[in-house]
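Visitor: Letter by letter, the chains look like this.
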Amino acid sequence: SQTIHQWPATLVQPVGSPLSLECTVEGTSNPNLYWYRQAAGRGLQLLFYSVGIGQISSEVPQNLSASRPQDRQFILSSKKLLLSDSGFYLCAWSGGGRTDTQYFGPGTRLTVL
Amino acid sequence: AQSVAQPEDQVNVAEGNPLTVKCTYSVSGNPYLFWYVQYPNRGLQFLLKYITGDNLVKGSYGFEAEFNKSQTSFHLKKPSALVSDSALYFCAVSLLYGNNRLAFGKGNQVVVIP
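Listed in order, the protein sequences are those of chains A and B.
Counting in my numbering, the first sequence runs from 1 upward without gaps.
Counting in my numbering, the second sequence runs from 1001 upward without gaps.
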C-alpha cells in the first residue's frame, strides 16, 4: 500500500530564516505531487504541483519554491521566511488521472516568529 | 471557472441525528467530485468520490453522498451522527485541464453535540 510522509511535524522559525520541508511517498511510482498551505481559518491553497522529476508548476507567486529531486520526493523551500508564511503545509500525491484521488500527508505546522 | 461552494460555515447536529453537509458545483464537462474530512492538526482523509454511474456514492465511516445533476449538488450525508464525526469537511472538484488538480470548497465545520 501507499504511504506519504512529511517532516518535520512542527517547526518554529524566525523571520528571515530559510525553510526546507520534505515529503516522500512510498509504494507507488511516478506520482503527481502537490504542496498546499492551509492558513488559520481552514481554506486550502495549492502552492505547487509536479507531474515528474524536475517538473514544477507554481500556482501563486511568493517567496516559496519547490523541487522534485527524485521520483517520490517533493521539497518545499524558502530562502527567507515571512510572517505570512505561517500555516499548515500539506503534501499530497495522486496517480495523475482526472478521476484519481489525492491522498494527503500528515502535514507540517510552521510558525514564523 | 470550475469550482465548488460549501454555503454553510458550521453545521451543528445532535448525536444520533442525520448529518448533511452541503456542496454545489460549477464545472464544464463531466464533474468528478470528492469529499474529504480533516481532524485537528491532521491531513485530509479521503471519504468518497463520484465519477460516474450510481448517483448515491458510499464511502468510509458510514458516509454517503448524493450526486444531483439537475441541482448541481453533491451533498454528504450520514444517517446517524457520532461525536467522533466532529471535524472539518471539504468538498472538491477535479479541474478539467488540471493534471488532477482539485478545486476545494472553503470547508464546513461539523459539530456533533452529545
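Just so you know, these hints were derived from the structure itself, not from any lab.
None of these values were measured; they are calculated from a predicted model.
Don't be surprised by glycine CBs; every beta carbon is placed ideally from N, CA and C.
Hints may be right or wrong, so weigh each one.
Chain B is nowhere near these chain A residues, computed Cβ spacing over 10 angstroms in every case [said to hold, decoys possible]: (1) 69; (2) 94; (3) 98.
Derived CB-CB ranges, DEER-like [said to hold, decoys possible]: (4) 60(A) <-> 1005(B): 20 to 26 angstroms; (5) 1077(B) <-> 109(A): 40 to 46 angstroms; (6) 1042(B) <-> 58(A): 34 to 40 angstroms; (7) 8(A) <-> 1053(B): 27 to 33 angstroms; (8) 1066(B) <-> 82(A): 31 to 37 angstroms; (9) 15(A) <-> 1058(B): 44 to 50 angstroms; (10) 15(A) <-> 1077(B): 28 to 34 angstroms; (11) 1029(B) <-> 59(A): 19 to 25 angstroms; (12) 1016(B) <-> 82(A): 24 to 30 angstroms.
Here's a subset of chain A near chain B, in silico, CB distances under 7 angstroms, partners left out [said to hold, decoys possible]: (13) 7; (14) 14; (15) 17; (16) 22; (17) 51; (18) 53; (19) 55; (20) 66; (21) 68; (22) 86; (23) 87; (24) 90; (25) 106; (26) 107.
Visitor: Enumerate the violated hints, using their earlier numbering and listing them in ascending order.
Guide: 2, 3, 5, 6, 7, 8, 10, 12, 13, 14, 15, 16, 18, 19, 20, 21, 22 and 23
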